[in-house]
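Colleague: The listed protein sequences derive, respectively, from chains A and B.
Numbering (numbering that gives the first Met the number 0) for the first sequence: 0 to 197.
Numbering (numbering that gives the first Met the number 0) for the second sequence: 0 to 197.
Be careful, since some hints might not be right.
Because identical chains cannot be distinguished in the list, a pair is counted as satisfied if it fits within a single copy or across any two copies.
Said to hold, decoys possible - Here are the simulated SDA-like pairs of lysine to any residue, each with C-alpha atoms no more than 20 Å apart in a straight line:
#  : residue 1 : residue 2
1  : Lys39     : Arg174
2  : Lys16     : His92
3  : Lys16     : Phe90
4  : Lys45     : Ser139
5  : Lys45     : Ser143
6  : Lys45     : Gln101
7  : Lys16     : Arg31
8  : Lys16     : Ile94
9  : Lys16     : Arg93
10 : Lys45     : Leu146
11 : Lys39     : Leu161
12 : Lys45     : Phe13
13 : Lys16     : Ile133
14 : Lys39     : Gly79
15 : Lys23     : Gly40
Just so you know, these hints were derived from the structure itself, not from any lab.
There are 2 protein chains.
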Amino acid sequence: MNSLSQERSELVDFITKAYPMPLKMASDVAERFYPVRLGKGDFLLKEGSISNEYLFLTEGYMRSFAMNPDGNDITTGFHGPQQVVFEITSFFHRIPSRENIQALTPCAGIAITYSTLNELFHTLPEFREFGRSILVRGFSNLKSRMLSTITETAEARYLQLLQTNPDIFQHAPLRTIASYLGITDTSLSRIRKEIAGK
Amino acid sequence: MNSLSQERSELVDFITKAYPMPLKMASDVAERFYPVRLGKGDFLLKEGSISNEYLFLTEGYMRSFAMNPDGNDITTGFHGPQQVVFEITSFFHRIPSRENIQALTPCAGIAITYSTLNELFHTLPEFREFGRSILVRGFSNLKSRMLSTITETAEARYLQLLQTNPDIFQHAPLRTIASYLGITDTSLSRIRKEIAGK
DNA sequence: GAAGATTCTTGCCAAATGGCAACTAATCGC
DNA sequence: GCGATTAGTTGCCATTTGGCAAGAATCTTC
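Work out the full structure: start from the sequences and follow the hints.
Modeller: Here it is, written out as structure tokens:
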């Protein structure tokens with residue numbers, strides 16, 4: 000596992016790539032992040048509580064999921080290294096989350112709390128641009144996922160996920176991936192069989 | 000049609016509800032918005048150009064849509080009075096939009112440009128909180144739409160849209176609503192027939 | 001108000017996906 | 001390593017949705 004200072008240095012890179020700012024500013028920000036370690040299956044966030052950590056993941060994979068009325072869990076997102084992980088609605092509105100965030104593998108990262116993040120936004124106004132860029136990126140990704148969900152077949156979406164996010168297939172069970180794609184595990188199994196036969 | 004000053008006053012209300020801030024600040028912001036009028040069918044944004052207006056719609060209805068490879072247009076969103084209309088990816092990344100935004104009815108609103116918005120963010124740091132709240136709201140809505148798209152039947156999504164956004168049915172053709180729901184106009188027609196028979 | 005365009009509906013059949021249950025394969029805990 | 005649990009596959013059939021084309025209804029436009 001990387002040392003805390005290595006993790007902070009990764010974060011500085013990440014911040015300055017997302018929005019160019021003085022290195023000193025990015026470093027000051029990174030200093031405020033504290034280490035977070037999660038075992039496989041551990042929760043970063045549980046349904047009903049308020050998302051209060053803004054986590055920069057450096058190692059491992061996580062997923063977000065919601066329970067639907069029938070009691071099935073629906074994967075709403077996957078998260079990997081070099082990504083910011085939190086539940087936006089709960090975090091910014093300060094309301095209980097309807098989603099869970101759970102480690103698929105052992106995870107390492109560094110985080111800050113909601114109040115520290117706001118303090119940073121306040122003392123370093125330029126840093127808000129980073130916050131905005133994370134929001135915009137997430138929003139854009141979700142928009143394109145939405146479009147592909149309503150226009151493409153499950154097979155096409157599966158192939159696209161395989162191409163853009165191959166790592167996930169090594170860490171998440173297919174049942175989980177199926178729900179992310181909006182289909183049942185049975186259907187995904189058949190789609191894979193169909194593809195394999197080609 | 001409302002006067003410009005009425006529109007600005009609506010915007011002040013909207014801003015202070017989205018994020019509490021001094022009335023003076025909200026008024027100063029609203030002063031910078033200029034009127035925009037669109038006839039039915041007019042475009043606020045055309046695919047390939049950069050979304051450069053941050054529009055607060057006061058009257059009328061619009062839709063966003065993307066062309067899919069087969070040449071069909073897919074509605075990605077509907078917009079009504081008291082909503083902010085722009086294409087986030089293009090606007091903030093300053094890249095050509097893959098979406099169009101078009102007036103479904105005659106529309107009135109007030110707008111600012113990208114550069115004026117940034118200028119306001121710079122001179123009134125607190126106003127950024129409003130910008131953030133608009134992003135978070137849009138993101139949250141899209142997340143819940145995404146979840147319902149992958150978990151619910153087309154009929155359930157139709158009924159939900161009918162309940163949460165009934166106005167749209169008076170202004171948008173069903174074909175347009177069908178693509179928003181991720182189904183064909185044929186299927187929507189059958190779903191409506193099915194519901195009517197109950 | 002008549003011709004033309006657009007929108008909506010319907011019939012027919014095909015394709016995609018789901019539900020359930022049985023079965024097999026892989027993994028976990030001890 | 002072994003029993004128990006979890007994950008993945010498959011068969012059978014039902015349901016949902018799509019594709020296409022024709023027809024009906026509605027709306028533009030002159």
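Colleague: Now look at each hint and say whether the structure bears it out.
Modeller: Structure-based check of each hint:
In this assembly of identical chains, the alpha carbons of Lys39 and Arg174 lie at most 20 Å apart only when taken from the same copy (17 Å versus 46 Å across copies). With identical chains, the CA atoms of Lys16 and His92 are at most 20 Å apart between copies only, with a shortest distance of 13 Å across copies and 27 Å within one. Taking identical chains as interchangeable, the C-alpha atoms of Lys16 and Phe90 lie at most 20 Å apart only when they sit on different chains, with a minimum of 19 Å there against 24 Å within one chain. With identical chains, the CA atoms of Lys45 and Ser139 are at most 20 Å apart between copies only, with a shortest distance of 18 Å across copies and 25 Å within one.
Taking the closest pair of Cα atoms, Lys45 and Ser143 come within 20 Å of each other only across two copies (18 Å); inside a single copy the shortest separation is 27 Å, beyond that limit. For the homomeric pair Lys45 and Gln101, the shortest alpha-carbon distance inside one copy (8 Å) is at most 20 Å, but the shortest distance between copies (41 Å) is not. In this homomeric assembly, Lys16 and Arg31 come within 20 Å of each other (Cα to Cα) only inside a single copy, at 19 Å, whereas the closest approach across copies is 32 Å. For the identical chains of this complex, Lys16 and Ile94 are inter-copy neighbours only, at 17 Å across copies versus 31 Å inside a copy, given an alpha-carbon limit of 20 Å.
Taking the shortest Cα distances, Lys16 and Arg93 sit within 20 Å of each other only across copies (16 Å), while inside one copy they are farther apart (28 Å). Taking identical chains as interchangeable, the C-alpha atoms of Lys45 and Leu146 lie at most 20 Å apart only when they sit on different chains, with a minimum of 18 Å there against 28 Å within one chain. For the homomeric pair Lys39 and Leu161, neither the shortest alpha-carbon distance inside one copy (23 Å) nor that between copies (42 Å) is at most 20 Å. In this homomeric assembly, Lys45 and Phe13 never come within 20 Å of each other (Cα to Cα): the closest approach is 27 Å inside a single copy and 32 Å across copies.
Proximity of Lys16 to Ile133 under the C-alpha cut-off of 20 Å is restricted to the intra-copy arrangement: shortest distance 11 Å within a copy versus 24 Å between copies. Only within a single protomer do Lys39 and Gly79 lie at most 20 Å apart by alpha-carbon distance; the minimum there is 14 Å, versus 45 Å between protomers. In this assembly of identical chains, the alpha carbons of Lys23 and Gly40 never lie at most 20 Å apart, being 36 Å within a copy and 50 Å across copies at closest.
Going through the hint list in order, the structure does not satisfy hints 11, 12 and 15.
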